[in-house]
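**Q** So the chains spell out like this:
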Amino acid sequence: MDDPFVIAGAEFRSRLVLGTGGAASLQALERALEASGAELATVAMRRIDPSATGSILDVLERVGCRPLPNTAGCYTARDAVLTARLAREALETDWVKLEVIGDDRTLFPDAAELLDAAEQLVDDGFTVLPYTNDDPVLARRLESTGCAAVMPLGSPIGSGSGIRNPYNLRIIVEQAGVPVILDAGIGTASDATLAMELGCEAVLLASAVTRAQDPEMMGRAMRHAVEAGRLARRAGRIPRRLYAEASSGSDGLAEPAPAASEADR
Amino acid sequence: MIVVVNGAQREIADDATIADLVADLGRDPRLPGVAVAVHGEIVPRGEWQVTPLDAGQRVEVIGAAQGG
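Those sequence lines, one after another, are chains R and P.
Residue numbers for the first sequence follow the numbering used here, so the first one is 1 and each next one is one higher.
Residue numbers for the second sequence follow the numbering used here, so the first one is 1001 and each next one is one higher.
Here chain P stands alone, though its shape is the one from the complex (with noise of 0.2 angstroms):
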């Protein structure tokens, strides 16, 4: 299925979970770094390994840049 992960559509497996579309981003879902919200919601990490992402769905991947 399709999901739109940072503005960009993306192929992701059907039964993906948020922690699969992280660690697919090249990041580990358990370790901290990154925050991801579905729909301008944040999912907190706790919850990756049990949500699983629908076709469609817009998923803001963030991380800690240089800056400021």
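Just chain R, with the same shape it has in the complex (with noise of 0.2 angstroms):
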């Protein structure tokens, strides 16, 4: 496999993976996970319904997908450790995305929690991908505690506002051992790149797709953004400069003739 990405041991072509919130159906999320061409996708973990038809788990499986469980929803380390421990009982996955948020406008991550939580996971013998604010040093603590992965956001969850914050992206990346994934807040294709190119190892997002106006078309353009700006990264960016560098050289170019009035004389 030419470039693949390589997490906690396992090996995907993909570097796209994808939320599965916030689709209008199963089969309109099906058709944009196939469009995606992602080969991980995160799951929540509910109260079963007795009443639901179709089961994301067999949407997953049709598709190549492998399910990532997540603790979505949850406010405390305590919340967080109970559902990966019953995601691991359901799905036989010792992987889990790890979210503990803190407030529920931003969404944002509650640091003590998190930390607290992915030691316990750690310890527990979890594979621990955290979702985190984009501080470098909360990374490199859940980093140091054997997170296998380190997701900063962007922007908030849903926000589609982008990377608010590239200088901290840069930094979380040059100083990580494990692969970065940056973790919501993606709104375009554009962005989805602009986070490759900064480095990132891989992309998470959801409702970019799954709320678009065609999910399954915008599926397919995120995973050509995830290509093209991981490309981009390994092929080496040229500098920015204030001013012009000539694409031409200017060795071998034509005498013009000599202006009427100089012949004249």
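I should point out that these hints are in silico values taken from the structure, not numbers from a laboratory.
There's no promise every hint is true.
[Unchecked claim] Incomplete in silico selection of chain P near chain R, CB under 10 angstroms:
#1 L1025
#2 G1026
#3 P1052
#4 A1065
[As the list claims (entries may be wrong)] Calculated from the model, a selection of chain P residues having no Cβ within reach of chain R, i.e. all distances over 12 angstroms:
#5 M1001
#6 I1002
#7 Q1009
#8 E1011
#9 A1013
#10 D1014
#11 D1015
#12 A1019
#13 Q1049
#14 D1054
#15 A1055
#16 G1056
The beta carbon of each residue, even a glycine, is placed where N, CA and C say it ideally should be.
With the hints in hand, could you dock these two chains into one complex?
**A** Following this line, the structure appears as structure tokens:
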């Protein structure tokens, strides 16, 4: 596999991780997932609904996506740890996207509860992928507790505001020894490309696709956006300059004929 | 007897096990996809067949849903 995305020893061809929340129907979600090429998709853990028809796990299986359970909706380490353990039991995976929210308007993570939950889950043998603030110090703390990746937000969940602090993201990427996955805030394709150009190993997004007017088309757009950003990062961009630098050399430029007034003289 | 399943009272047979309850909710208790906690303690799937429920117990039956 050329340039695989490796996380905790597992290899993926796609560097796009899709959240499954916000889709109008399971059918619409399935088409968007397929178009996006994602091989990893998050699911929430909720009380089962005996009247529900169709299952998100069946959809993921059909499109070849590995389910990544999350702890969405948890506000304390205690809730998040219980939810992660329920997910491990239900889905037979020790991978978890750890989310511990501290504020219901911004949905920003609660740093103290997040670190506490990450420590407990790592000790319990989980592969922990924490959704975190774009805080380089917190990212380092999460990595040193043994998290398998760090997933800083670009901007608030569902806000579609893109990457509000690309400088912090660069610092997080520069110092990280585990994959950095941009998580939350992506609004459109160029946001995902920028995340990859800044050196993220992957991008996780949901609403940008599931709530787009045409989720299937946006799924395809995001697939290309992530691929383009990754290629551009690997290719190495040119530096930004204040002044022009001619792309054509001046050697060999044709000599013009003398001006008419000079020939007359 | 009455137990509290996912926050709602539910009538089940007096000798019902967790496996019976999960089947009653339309899920195959032998297949993955669902987890069960009784009074906040997770009961592994392998123990469902042999774990009887008691009247008044609070049972959470959790599965994957769209989200995140």
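**Q** Take the hints in turn and mark each one as holding or not.
**A** Evaluation of the provided hints:
Checking P/L1025 against chain R: minimum C-beta separation of about 5 angstroms stays under 10 angstroms; hint holds. Checking P/G1026 against chain R by beta carbon gives a least distance of about 5 angstroms; that is within 10 angstroms, so the hint holds. Hint on P/P1052 is violated. Least Cβ distance to chain R is approximately 19 angstroms, over the 10 angstroms limit. Interface hint at P/A1065: satisfied, since its Cβ lies 4 angstroms from the closest Cβ of chain R, which is below the 10 angstroms cut-off.
The Cβ of P/M1001 lies farther than 12 angstroms from every Cβ of chain R, with a closest approach of about 19 angstroms, so its non-interface assignment holds. Residue-level check passed: P/I1002 sits 17 angstroms from the nearest beta carbon of chain R, beyond 12 angstroms. Here P/Q1009 stays apart from chain R, with its beta-carbon at least about 14 angstroms from theirs, past the 12 angstroms limit. Every CB of chain R lies more than 12 angstroms from the CB of P/E1011, the least distance being 14 angstroms, so the non-interface label holds.
At the 12 angstroms boundary, the C-beta of P/A1013 stays outside the reach of chain R, the nearest C-beta of that chain being 17 angstroms off. With a cut of 12 angstroms on Cβ distances, P/D1014 stays outside the contact zone with chain R, its closest approach being about 21 angstroms. Under the 12 angstroms C-beta cut-off, the non-interface status given to P/D1015 relative to chain R holds; the minimum distance is some 21 angstroms. Against the 12 angstroms criterion, P/A1019 stays outside the reach of chain R, whose nearest CB is about 14 angstroms from its own CB.
The beta carbon of P/Q1049 sits about 15 angstroms from the closest Cβ of chain R, which is more than 12 angstroms, so the claim that it is off the interface holds. No beta-carbon of chain R is positioned within 12 angstroms of the beta-carbon of P/D1054; the least distance is around 20 angstroms. The claim that P/A1055 lies off the interface holds: its Cβ sits roughly 21 angstroms from the closest Cβ of chain R, which is beyond the 12 angstroms cut-off. Every CB of chain R lies more than 12 angstroms from the CB of P/G1056, the least distance being 19 angstroms, so the non-interface label holds.
Hint violations for this structure: number 3 only, all remaining hints satisfied.
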